[in-house]
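Enquirer: Same order as they appear, the protein sequences are chains A and B. So for the first sequence, this note's numbering puts the first residue at 1; every next one is plus one. So for the second sequence, this note's numbering puts the first residue at 1; every next one is plus one.
These are computed hints drawn from the structure, not numbers from a lab. Where a beta carbon is used, it is the ideal one built from N, C-alpha and C, also for glycine. Be careful, since some hints might not be right.
[What the hints assert, rightly or not] FRET-style restraints, in silico, Cβ to Cβ:
id, chain 1, residue 1, chain 2, residue 2, range
1, A, 91, B, 138, 31 to 39 Å
2, A, 104, B, 58, 47 to 55 Å
3, B, 128, A, 331, 21 to 29 Å
4, B, 109, A, 312, 35 to 43 Å
5, B, 58, A, 321, 27 to 35 Å
6, B, 168, A, 259, 25 to 33 Å
7, A, 91, B, 300, 47 to 55 Å
8, B, 121, A, 312, 30 to 38 Å
9, B, 300, A, 141, 25 to 33 Å
Listed below, chain by chain, are the residues.
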Amino acid sequence: MKKLRAVLSLMLAFVLTLSLLSGCSSATKQQQSSQSNNTTQNAKNKDFKVGLVTDVGGINDHSFNQLAYQGIEKAKSELGVTVNFIQSKQQTDYVTNLTQFAQQKYNLVIAVGFLMKDAVEQVSKEFPDTKFLIIDSDITDRPNVASATFKTEQCGYLVGVMAGLMEKEKNSKLNDQNVVGVVGGMQIPPVDSYIAGFQQGVKAVNPDTKVLVSYTGNFNDPASGKQMALTQISQGADIVFHVAGQTGDGVINAAKEKNVYAIGVDADQNYMAPDTVMTSALKKVDVATFETIKNALNNNFKSGLVYFDLANDGVGYAKPIKDVPQSIVDKVNEYANKIKDGTIKVSDQVQK
Amino acid sequence: MKEILLNPQLWSATLAMATPLALPALGGTFSERSGVVNIAMEGIMLIAAFFAVLFAHLTGSAWLGLLGAVIVGMIVAVIFAWAAVTLTADQVILGMAINIFASGFTAYLLNTIFGFSGTPTDTPMLPNINIPIIKNIPFVGQILSGNSIIVYLMIILIFASDYFLFHTNLGLRIRAVGENPEAAETAGINVIKLRYLGVALSGLFSAIGGAYLSIGLLNSFSTDMSSGRGYIALAAMIFGKWTPFGSFGAALLFGFATALSMQLQNSALSKNIIMMLPYILTVLALVGVGGKSVSPAADGVPYTPKK
Numbered sequence: 001m002k003k004l005r006a007v008l009s010l011m012l013a014f015v016l017t018l019s020l021l022s023g024c025s026s027a028t029k030q031q032q033s034s035q036s037n038n039t040t041q042n043a044k045n046k047d048f049k050v051g052l053v054t055d056v057g058g059i060n061d062h063s064f065n066q067l068a069y070q071g072i073e074k075a076k077s078e079l080g081v082t083v084n085f086i087q088s089k090q091q092t093d094y095v096t097n098l099t100q101f102a103q104q105k106y107n108l109v110i111a112v113g114f115l116m117k118d119a120v121e122q123v124s125k126e127f128p129d130t131k132f133l134i135i136d137s138d139i140t141d142r143p144n145v146a147s148a149t150f151k152t153e154q155c156g157y158l159v160g161v162m163a164g165l166m167e168k169e170k171n172s173k174l175n176d177q178n179v180v181g182v183v184g185g186m187q188i189p190p191v192d193s194y195i196a197g198f199q200q201g202v203k204a205v206n207p208d209t210k211v212l213v214s215y216t217g218n219f220n221d222p223a224s225g226k227q228m229a230l231t232q233i234s235q236g237a238d239i240v241f242h243v244a245g246q247t248g249d250g251v252i253n254a255a256k257e258k259n260v261y262a263i264g265v266d267a268d269q270n271y272m273a274p275d276t277v278m279t280s281a282l283k284k285v286d287v288a289t290f291e292t293i294k295n296a297l298n299n300n301f302k303s304g305l306v307y308f309d310l311a312n313d314g315v316g317y318a319k320p321i322k323d324v325p326q327s328i329v330d331k332v333n334e335y336a337n338k339i340k341d342g343t344i345k346v347s348d349q350v351q352k
Numbered sequence: 001m002k003e004i005l006l007n008p009q010l011w012s013a014t015l016a017m018a019t020p021l022a023l024p025a026l027g028g029t030f031s032e033r034s035g036v037v038n039i040a041m042e043g044i045m046l047i048a049a050f051f052a053v054l055f056a057h058l059t060g061s062a063w064l065g066l067l068g069a070v071i072v073g074m075i076v077a078v079i080f081a082w083a084a085v086t087l088t089a090d091q092v093i094l095g096m097a098i099n100i101f102a103s104g105f106t107a108y109l110l111n112t113i114f115g116f117s118g119t120p121t122d123t124p125m126l127p128n129i130n131i132p133i134i135k136n137i138p139f140v141g142q143i144l145s146g147n148s149i150i151v152y153l154m155i156i157l158i159f160a161s162d163y164f165l166f167h168t169n170l171g172l173r174i175r176a177v178g179e180n181p182e183a184a185e186t187a188g189i190n191v192i193k194l195r196y197l198g199v200a201l202s203g204l205f206s207a208i209g210g211a212y213l214s215i216g217l218l219n220s221f222s223t224d225m226s227s228g229r230g231y232i233a234l235a236a237m238i239f240g241k242w243t244p245f246g247s248f249g250a251a252l253l254f255g256f257a258t259a260l261s262m263q264l265q266n267s268a269l270s271k272n273i274i275m276m277l278p279y280i281l282t283v284l285a286l287v288g289v290g291g292k293s294v295s296p297a298a299d300g301v302p303y304t305p306k307k
């Protein structure tokens, strides 16, 4: 009996260790391959180590974590720096993961996501010599923390203008109820700024359009995203914009199944359903991470808020599919110019 | 309010959200009726969801995906049974270990096999079934017809399980093993074998539930996509007093609460209150309306056969 228990506790320990390892083993492999690939690169750049800590959505979220990963991959191939990443399994992992990189003397640690603000504040204080970049947050009082803030209300506005104008068109995917929908993940500022922009964009060109706004309360449950989108479609929506990470996979799936349009978020998500995803609101996290790595490498690291907006090409919209007439695209570009020159100010507050 | 209740989507969303709860709840019923507390349904669902996509993608057939998911799910369940029944390990700790393992294991496999852009977009999906005649009835047709095949399979399994558990000899024996294993063994029943059967069935049903999430509702896998349904299924099983129909009813109630909160999102009510609705209903159901739930007497107690 005792022996069995001993065997079993060993087995449990093994299973737990394995599951922990599986979280970061791919990261280790990444690091090794980056080291072997870049033997010809400048040794100084190779000594510059960049660590990426993803949010719980994980690196294959088709969205901002994946873009951040693309940013560090670009830095690896173009600048020859050493990169590595850890995926957070849950919110309680943030501090541990950030600390792990900081302790290993990484030069720059990138935290992806608004939800990691508290963790970055804590860890950046403990490791004043390590530089941190946090995406979607507003930490301003630390000399070693840069906060990349995206004016996503601007790109939300532009896809809103496109959706509002499309509602006046007629084709097999559009009904005559003049309703569009937004499915948000959690009700947090980086999600709401998109939604606020979308509402204003739709209203600017089509004041009668009804904009449905729903939140699923999560970023990793595509099943609930699908049902939420189906609910909005049953309420008349024929264009559904999602701001919901992996939950949004279900939104796009629902739009495809019900033969209506979807609008992707963060990255160009057209490849997920080429006839359905009419455009995507882009938030160029890859540009932000790459630029910050480059600046830090050249001793140009700037702490505090760094804004990314339409004017510096930090946000934008993906090339629309051919169902969207050129006249509408021209109109959207017109609005983009008005936002760039300040004629239109977009608020980031959602209308109730 | 009338408009919301008459929206067929409310009722089909109820069914769609109840299915991935009812299946693992049914699985848990078998396991616990045989005397093994199984909280690993969450992990088994997640692993099955991944392998459903993997096999569907490799073979080009969603059906083989489902089959692969079921086989993998039952293998995990049998490993669980080996540790819980044969090695008499602590069942709750074991279940937690499987759940933690499943989360890391599937994330790792997703990245190594499919890379960082996720599972392929051309992965086949299990079909939705349109029932002739019924589909033409207004309102009712829109609810009862056009659901995923797994929804209908789930309903058949509920009836079959009830018959099996309460109207066959084998069902009686499974229940006897969960209530009083000593007495059952005296009557010549192989306790160990039946407990293996109970746990394997829980793996089977949880795996179908997992496959429903990845290739029934969608055609993709994403990390932690079971998002706690295995645990809510446990609540549904307890609320349903360890019976197939009870579990189904509880799953329907939770599914309805979720579907209703989706419908109410654009009403005048505060979104925060609406998003709490499924959880409030769950708590109310568990403490009040359900009455006294009595678990099988030997539930969670390892059994060592008398020599």
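Enquirer: Take the hints in turn and mark each one as holding or not.
Expert: A quick look at each hint next to the structure:
1. A:91 with B:138: 31 to 39 Å: Cβ of residue 91 (chain A) to Cβ of residue 138 (chain B): about 46 Å, so the range 31 to 39 Å is violated.
2. A:104 with B:58: 47 to 55 Å: Cβ of residue 104 (chain A) to Cβ of residue 58 (chain B): about 38 Å, so the range 47 to 55 Å is violated.
3. B:128 with A:331: 21 to 29 Å: 38 Å, violated
4. B:109 with A:312: 35 to 43 Å: 39 Å, holds
5. B:58 with A:321: 27 to 35 Å: Given about 30 Å between the Cβ atoms, the range holds.
6. B:168 with A:259: 25 to 33 Å: Violated, at about 46 Å.
7. A:91 with B:300: 47 to 55 Å: Given about 31 Å between the Cβ atoms, the range is violated.
8. B:121 with A:312: 30 to 38 Å: 32 Å, holds
9. B:300 with A:141: 25 to 33 Å: Violated: the Cβ-Cβ distance is about 52 Å, outside 25 to 33 Å.
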